[in-house]
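S.K.: Read off the chains here:
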Amino acid sequence: MATLHMLSHSPFSDSRLVSCLRLLGPGDGLLLTGDATYALQPGSAQLQALGLMPDTIALFALEEDLQARAIAAPPRVQVVDYPAFVELCATFAKVNSWL
Amino acid sequence: MAKSLLIICRQAPWSGPGAREALDIALAGGAFDLPIAMLFLDDGVFQLQPGQHAAPVQQKDLTANLQALPLFGVDALYSSVRSLEERGLLHQALSPATETLNDAALTALLGQYDQVITL
Amino acid sequence: MTHLIVADRSLALDKDGYLADLNDWSPAAAEALAAQEELTLSAEHWEVLHLLRAFYAEFQLSPATRPLIKYAALKLGADKGNSLHLNRLFKGTPAKLAAKLAGLPKPTNCL
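Residue numbers (my numbering), protein chains in the order written: chain G, 1 to 99; chain C, 1 to 119; chain V, 1 to 111.
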């Protein structure tokens with residue numbers, strides 16, 4: 001049962017991303033929203049950690065939040081707008097929000 | 001058949017509403033006989049430390065409430081070996097007792113539940 | 001806020017008729033609360049009230065029906081820890097009514 005993990009907190013002030021990366025299984029997805037998109041900041045250890053995820057794990061980021069923060073998504077990231085975000089949630093068996 | 005729910009609890013007991021909210025979900029679900037499990041992860045494992053006191057910080061006694069989980073039908077309690085080890089709690093007597101799982105087992109655990117929420 | 005007069009003392013009740021201050025409880029208060037519910041407390045009632053107070057002392061919360069039954073079965077045995085026995089004693093709503101008479105807050109998460 002694949003899970004879409006949804007993060008919204010900055011990985012620079014909080015351990016959610018690190019903990020989440022350890023729990024990801026094959027087929028799971030990771031969606032970055034809000035300040036969690038800072039994980040894609042070039043040159044950061046967080047971006048490096050995301051790059052080390054196996055290819056079986058899909059990585060998504062919310063377009064609006066990237067734009068607002070002037071963050072460019074690396075090729076691995078699938079950028080989604082709100083309609084695609086909703087669709088994405090329905091694609092996975094469940095969504096785990098890291099509140 | 002009711003959907004099963006895994007509540008991942010990663011907040012320390014007295015720092016904010018997160019730990020209380022997670023417990024309230026568990027108690028409410030348990031009272032309605034829903035299949036509920038709790039996983040204590042990251043700072044959430046601090047909730048399991050015995051001998052804590054709510055009165056000095058003027059809060060409801062979360063750690064006392066936690067002991068009631070089995071009576072509310074929430075028997076499936078887990079904790080992360082890594083989180084416990086990082087915090088020096090791995091070889092301590094904790095309460096309520098939980099099944100300790102390594103990272104791989106945690107990933108498998110998530111797969112077993114219909115729904116997961118992390119607080 | 002309504003009040004209950006017990007032994008010349010006026011005890012504050014909340015909107016649901018539960019004691020506003022848990023420390024106001026006494027056996028006499030329990031008798032007075034029971035009288036309001038048109039209930040006379042027998043030894044069997046008292047057994048459950050003491051059980052509830054022990055539950056609260058241990059867990060700092062009022063049990064919903066299921067945990068109350070489970071706890072009663074654990075402490076008093078299966079012949080008393082069942083819904084039939086508890087419903088008979090407390091007019092069909094043991095968690096709410098027994099908590100009230102035991103001086104506990106109204107149970108949350110109650111069916």
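Be a bit skeptical, because a hint or two may be false.
Unchecked claim - Which chain G residues face chain C? A few, computed with CB under 7 Å, are given here: (1) Thr3; (2) Ser13; (3) Leu21; (4) Leu23; (5) Gly29; (6) Arg76; (7) Val79; (8) Cys89; (9) Thr91; (10) Asn96.
In case anyone wonders, no lab produced these hints; they're calculated from the structure.
Glycine included, each C-beta is placed from N, C-alpha and C at the ideal position.
S.K.: Each hint needs a verdict: does it hold in this structure or not?
M.R.: Going down the list of hints, with the structure as the test:
no., hint, result
1, Thr3, "6 Å, holds"
2, Ser13, "14 Å, violated"
3, Leu21, "10 Å, violated"
4, Leu23, "6 Å, holds"
5, Gly29, "13 Å, violated"
6, Arg76, "21 Å, violated"
7, Val79, "24 Å, violated"
8, Cys89, "12 Å, violated"
9, Thr91, "16 Å, violated"
10, Asn96, "4 Å, holds"
Violated hints for the displayed structure, listed by number in ascending order: 2, 3, 5, 6, 7, 8, 9.
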